[in-house]
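Protein chains: 2
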Amino acid sequence: MAATSSLSLKTPTKIQSLTKTHYAIPLNLPFSCRSKSKRTGSIGSRTRIRCGLLIEPDGGKLVELFVEESQRELKREDALKLPKIKLTKIDLEWVHVLSEGWASPLKGFMREDEFLQTLHFNSIRLEDGSVVNMSVPIVLAIDDSQKNLIGGSSSVALVDDENNPIAILSDIEIYKHNKEERIARTWGTTAPGLPYVDEAITHSGNWLIGGDLKVIDPVKYNDGLDRFRLSPAELRDEFTRRNADAVFAFQLRNPVHNGHALLMTDTRRRLLEMGYKNPVLLLHPLGGYTKADDVPLHWRMKQHEKVLEDGVLDPETTVVSIFPSPMHYAGPTEVQWHAKARINAGANFYIVGRDPAGMSHPLEKRDLYDADHGKKVLSMAPGLERLNILPFRVAAYDKTKNGMAFFDPSRPQDFIFISGTKMRTLAKNNENPPDGFMCPGGWKVLVEYYDSLAAAENGRVAEPVPS
Amino acid sequence: MAATSSLSLKTPTKIQSLTKTHYAIPLNLPFSCRSKSKRTGSIGSRTRIRCGLLIEPDGGKLVELFVEESQRELKREDALKLPKIKLTKIDLEWVHVLSEGWASPLKGFMREDEFLQTLHFNSIRLEDGSVVNMSVPIVLAIDDSQKNLIGGSSSVALVDDENNPIAILSDIEIYKHNKEERIARTWGTTAPGLPYVDEAITHSGNWLIGGDLKVIDPVKYNDGLDRFRLSPAELRDEFTRRNADAVFAFQLRNPVHNGHALLMTDTRRRLLEMGYKNPVLLLHPLGGYTKADDVPLHWRMKQHEKVLEDGVLDPETTVVSIFPSPMHYAGPTEVQWHAKARINAGANFYIVGRDPAGMSHPLEKRDLYDADHGKKVLSMAPGLERLNILPFRVAAYDKTKNGMAFFDPSRPQDFIFISGTKMRTLAKNNENPPDGFMCPGGWKVLVEYYDSLAAAENGRVAEPVPS
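Chains D and A, in that order, are what the protein sequence lines are.
Reading the first sequence from the start, the letters are residues 1 to 467 in the working numbering.
Reading the second sequence from the start, the letters are residues 1001 to 1467 in the working numbering.
Rather than coming from a laboratory, the hints here were simulated on the basis of the structure.
Quick caveat, the model's predicted, so the values are computed rather than measured.
Idealized CB from N, CA, C, for every residue including glycine.
You may find that some hints are simply not true.
As the list claims (entries may be wrong) - Derived SDA-like pairs: lysine to any residue, alpha-carbon spacing no greater than 20 Å straight-line:
| id | chain 1 | residue 1 | chain 2 | residue 2 |
| --- | --- | --- | --- | --- |
| 1 | D | 375 | A | 1274 |
| 2 | A | 1376 | D | 130 |
| 3 | D | 179 | A | 1113 |
| 4 | D | 375 | A | 1173 |
| 5 | D | 176 | A | 1173 |
| 6 | A | 1220 | A | 1088 |
| 7 | D | 375 | A | 1143 |
| 8 | A | 1376 | D | 143 |
| 9 | D | 147 | D | 200 |
| 10 | A | 1220 | A | 1202 |
| 11 | A | 1179 | D | 412 |
| 12 | A | 1179 | A | 1146 |
| 13 | D | 376 | A | 1125 |
| 14 | D | 365 | A | 1176 |
| 15 | D | 375 | A | 1429 |
| 16 | D | 179 | A | 1360 |
| 17 | D | 365 | A | 1202 |
| 18 | D | 176 | A | 1367 |
| 19 | D | 375 | A | 1380 |
| 20 | D | 376 | A | 1088 |
| 21 | D | 375 | A | 1126 |
| 22 | D | 399 | D | 412 |
To be verified - Just a few of them, taken from the derived set where beta-carbon distance is under 7 Å, the chain A residues facing chain D:
| id | residue |
| --- | --- |
| 23 | 1116 |
| 24 | 1120 |
| 25 | 1184 |
| 26 | 1189 |
| 27 | 1190 |
| 28 | 1193 |
| 29 | 1289 |
| 30 | 1376 |
| 31 | 1377 |
| 32 | 1380 |
What the hints assert, rightly or not - Okay, the calculated beta carbon distance ranges per label pair:
| id | chain 1 | residue 1 | chain 2 | residue 2 | range |
| --- | --- | --- | --- | --- | --- |
| 33 | D | 388 | A | 1371 | 39 to 47 Å |
| 34 | A | 1371 | D | 386 | 32 to 40 Å |
| 35 | D | 192 | A | 1432 | 43 to 51 Å |
| 36 | A | 1203 | D | 192 | 20 to 28 Å |
| 37 | D | 270 | A | 1154 | 32 to 40 Å |
| 38 | A | 1084 | D | 371 | 30 to 38 Å |
| 39 | D | 193 | A | 1154 | 47 to 55 Å |
| 40 | A | 1371 | D | 86 | 49 to 57 Å |
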């Protein structure tokens, strides 16, 4: 059950034990499962047949967009002859997302009809008339000079910083990038200061280019965490190997505290009560772009490791993996994407919290979204009818138990709510939260992270590095 | 075939001939039609059975929200005991729209689940799992003091300027009115200067109140045009009476020129070619709120009358009626509403033009919407699958024919495009367009309208009044 993927560690990590206990490379698939995929790292475009008890991917099949290994050299040579589009870091994250089928049945960056349906309907109608959810535009922006460069070519090469071809986009369509409309319809505001907008939209080109994507080499980050980046196909294989008859996904981009752990454990208990024999938790931290004041992925993975070492979650029924999507902070719009992508990875239950993918309004003193809208919108979203939505029960620190417990409205005086802001303030000030809020090892990671930030700010080290 | 509804004319009109020839009160319904409705003006809530060959209303039945005539006095007395919400002019237009079933199956002002589905999905899922289109929020805003006044009451009375009870809203739900999010998701911009926003949202309350609507008396405007305000039920009766086997709707809020007439005549020809025996045109000018620089309804009706008198459209196959909705100018979002409402009125074909419901960007020197997005979004919209979308063919002035003709790209030099702006400028300057652009009588109305405006600006008369 040990990880066998080759690693290229740029930074030392102590995260091996997490790999060992909390996910494993699929070995042999049960006979009943017809999926032929293996963790080869070089899988061609293929169709996934519904496997065992797992939920079907959107559109009935998982669409992977890799060039067959035998064709790679040829495609690389083809790419060299094509007009080149240089990918930003976030573009590359979307290439990763698309290539592994998280956005199935999308076959590449959106063409205009997909873009318009996403903006207006948060869903896309397929040729057979069925509807899949798609709430966040997955688009590639180009500027006038790139558009001119492409001219009449029907394909382009997508290249990295050093002009290495990453992928080919073919049968392309170029259409106007109305940024204001895209932002307004995705975020429900055009206020300046939205992190993803500032990072990826404001200074991007005035055109969007859609088409069919073929990725020449699977995207790797070589940051010591690639082995946690299981694709939907790999996750499905893992769930099948574990004979999961229910998969419940927990999306997170923050440190895990014991309230989260309580929720996840309680969810499994409830699923068992419902008659499922082996519900498996997909603990699925988001790994793509996040805003500057979020805890970076490396530190979060380190914190998750400590929490898991603490034994609060059962390794036998927990799979930890990284969700490669960038973060939009688009609240009720984005939570649909977070849920939809997990269907493609085999999850049929999705835990939704208060104000998912929310943030403060960039200008006004209020939350950008109503805290309840995320779960309401998710529960009504087209294309997500098959997914069971599990609203987050509110956990708080119970003074009578010296630990996290579900809030009991009959005795509010016994509970302390510790907000994210409060948690960060404590960690920054090297203070301790109440006993039982978070395991000491996990808390220590947080304190170390904020120490490293303070050190960086004082000019002592340039970059915070996980120790 | 003459209009029999009682009229209360505040302004003299010469529009009688239009009534006489272009619509008629249903007399006897064919035996094959099970609809029991008559033009009584006092119809209770009821269910419409699919009638003859007409398209079914959304949700399978036309939902009318009138108090039964026998119950009116009782309801009026009930209303006097309830907390009162004063309706604005636009609120009253929406009461009108809802009461007649244009928004079927909506049963009143939207509750939060309907509002959220409208904003995010432009559609609403019904209890049976089916989906109807709903792209524009139909909501009623109240302020803090009104909310306090309502307190724990489960019903409110909706009253006019003089506190006369118009309707009762029951089983109410009050929820937050996030104006910024509503505007951004409906218009795709939050730029100041959107007409409907300035008129009806910016200064409205911070709460929305939804609930089940019952209208005590059908809404009348007493402006001489009420007889043109046929409800969906009345239109369906009329189409049935005429044995229409196809109904094609043409939404307009501008003067009709010969290019429009050409298009409508050509559409009928095409429908006949498709095998329909009796396609009927619903010429359906919008009658609710419009922005200040649009030609007012009275002048437009007068202009339509002249155009129709000219005989360009066949009275036997044309029904002229007023669509009571206010105008949002929300482009691709609003065109769905315009189309959906016409399904409820029995139309199964909808003619969509360039940049429907579009306008200039309030701040930037460009159109707010891409001119092609309206028809693209409409053709993909959830809940409108049953509606046949007929894209507007481009008509222009053909110098070789001295008249309007469909543009022939092989001889562009022969055509002159006369934009709305150009048309208005000519009329304002009392100049004539090329012969054959518009019938002289219709053109004269336009010139008169702009004359009256200029006179009003010079302080000679206070209000433009149709002559």
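> Which hints, by number, does the structure contradict?
Replying inline: Hint check: 1, 3, 5, 7, 8, 10, 11, 15, 19, 20, 28, 29, 39 and 40 fail, others pass.
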